[in-house]
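**Student:** Take a look at the letters that make up each chain.
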Amino acid sequence: MANVDKELDARGLNCPLPILRTKKALNDLTGGQTLRVVATDPGAIKDFQAFAKQTGNELVESGEANGEFTFVLRKKA
Amino acid sequence: MSNKKLAIIATKGTLDWAYPPFILASTAAALGYDVQIFFTFYGLQLLRKSLDHLQVSSLGNPGMPMPMAMDKWFPVLAQALPGMQSMMTMMMKQKMRSKGVASLEDLRNLCAEADVKMIGCQMTVDLFGFEPSDFIPGIEMGGAATFFEFAGESDICLFM
Numbered sequence: 001m002a003n004v005d006k007e008l009d010a011r012g013l014n015c016p017l018p019i020l021r022t023k024k025a026l027n028d029l030t031g032g033q034t035l036r037v038v039a040t041d042p043g044a045i046k047d048f049q050a051f052a053k054q055t056g057n058e059l060v061e062s063g064e065a066n067g068e069f070t071f072v073l074r075k076k077a
Numbered sequence: 078m079s080n081k082k083l084a085i086i087a088t089k090g091t092l093d094w095a096y097p098p099f100i101l102a103s104t105a106a107a108l109g110y111d112v113q114i115f116f117t118f119y120g121l122q123l124l125r126k127s128l129d130h131l132q133v134s135s136l137g138n139p140g141m142p143m144p145m146a147m148d149k150w151f152p153v154l155a156q157a158l159p160g161m162q163s164m165m166t167m168m169m170k171q172k173m174r175s176k177g178v179a180s181l182e183d184l185r186n187l188c189a190e191a192d193v194k195m196i197g198c199q200m201t202v203d204l205f206g207f208e209p210s211d212f213i214p215g216i217e218m219g220g221a222a223t224f225f226e227f228a229g230e231s232d233i234c235l236f237m
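Residue numbers (the working numbering), protein chains in the order written: chain A, 1 to 77; chain B, 78 to 237.
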């Protein structure tokens with residue numbers, strides 16, 4: 001797994017908390033830095049795509065393993 | 078480019094209907110929207126300091142999924158018995174906790190942190206005899222015209 005600048009554990013949280021926590025975590029980063037989020041909410045897959053599209057933060061990685069969803073976002077410059 | 082705007086009118090004062098305005102407002106704020114919620118009539122309950130009094134009722138609510146197939150053996154009339162509403166509320170809160178759904182207080186705090194503007198309907202405050210001290214700090218009071226000032230410029234306007 002690639003190195004990221006920050007990690008966020010959103011496992012066990014339900015909509016809309018993973019997105020809200022992600023937004024908060026991104027606030028602590030500067031443009032170009034990356035954040036990895038791990039979530040278990042199945043709605044997160046579509047929500048993270050929509051979040052990236054609407055906020056301009058890039059979704060550089062998206063994966064699933066053992067019921068956990070992992071996303072890597074790069075903060076908008 | 079100016080931000081998109083979301084305007085919400087919150088009119089319900091029950092535990093279940095307290096969620097949609099706070100969920101949508103906090104999410105929109107996270108997506109970069111400017112958000113205002115106008116709380117009127119029973120919706121004012123959502124601005125009170127404590128939200129512990131909010132309840133959910135299965136009465137007149139046939140779409141509510143009931144645990145243990147209660148809807149199969151519990152006649153509608155029995156749902157009006159004293160204590161039933163408290164029990165339903167307790168079960169609903171337990172279910173929400175077990176599923177990782179945020180508490181209303183948390184969602185409301187997240188809205189406030191994200192600068193969601195919350196406006197209480199002055200007319201309803203007077204009608205029901207509320208005091209300013211009944212409500213959380215940081216809210217404004219206003220009337221319909223106050224709401225339209227923002228809603229008229231909004232991209233999305235929702236009545237709940």
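Errors might be hidden in some of the hints.
Said to hold, decoys possible - For lysine-lysine, the following BS3-like pairs were computed, each having C-alpha atoms within a straight-line distance of at most 30 Å:
hint, chain 1, residue 1, chain 2, residue 2
1, B, Lys170, B, Lys81
2, B, Lys172, A, Lys24
3, A, Lys24, B, Lys149
4, B, Lys89, A, Lys24
5, A, Lys6, B, Lys89
6, B, Lys149, B, Lys82
7, A, Lys46, B, Lys126
8, A, Lys76, B, Lys170
9, B, Lys81, B, Lys172
None of these hints come from the bench; they were simulated from the model.
Note that this is a predicted model, so its numbers are computed, not measured.
**Student:** Run the distance test for lysine 89 of chain B versus lysine 24 of chain A: straight-line Cα separation, threshold 30 Å.
**Tutor:** holds (29 Å)
**Student:** Measure nothing beyond the straight line between the CA atoms of lysine 149 of chain B and lysine 82 of chain B; if it is 30 Å or shorter, mark the hint as holding.
**Tutor:** Violated: lysine 149 of chain B and lysine 82 of chain B sit about 44 Å apart, past 30 Å.
**Student:** With the threshold set at 30 Å, check whether the alpha-carbon distance from lysine 24 of chain A to lysine 149 of chain B stays at or below it.
**Tutor:** With a Cα-Cα distance of about 44 Å, the restraint between lysine 24 of chain A and lysine 149 of chain B is violated, given a limit of 30 Å.
**Student:** Has the given pair, lysine 170 of chain B with lysine 81 of chain B, been kept, meaning a C-alpha gap of at most 30 Å?
**Tutor:** violated (33 Å)
**Student:** Are the Cα atoms of lysine 6 of chain A and lysine 89 of chain B separated by 30 Å or less?
**Tutor:** With Cα atoms ~39 Å apart, lysine 6 of chain A and lysine 89 of chain B exceed 30 Å; violated.
**Student:** Hint check: lysine 172 of chain B vs lysine 24 of chain A, CA-CA at most 30 Å. Holds or violated?
**Tutor:** It holds: about 27 Å lies between the C-alpha atoms, which stays within 30 Å.
**Student:** Between the alpha carbons of lysine 46 of chain A and lysine 126 of chain B, is the straight-line distance 30 Å or under?
**Tutor:** Answer violated: lysine 46 of chain A to lysine 126 of chain B is near 34 Å, above 30 Å.
**Student:** For a C-alpha distance cap of 30 Å, please report whether lysine 81 of chain B and lysine 172 of chain B respect it.
**Tutor:** violated (34 Å)
**Student:** Would you check the hint for lysine 76 of chain A and lysine 170 of chain B, treating anything up to 30 Å between C-alpha atoms as holding?
**Tutor:** Roughly 38 Å separates the two Cα atoms, so the pair is violated.
Consistency note: the structure conflicts with the earlier hints numbered 1, 3, 5, 6, 7, 8, 9.
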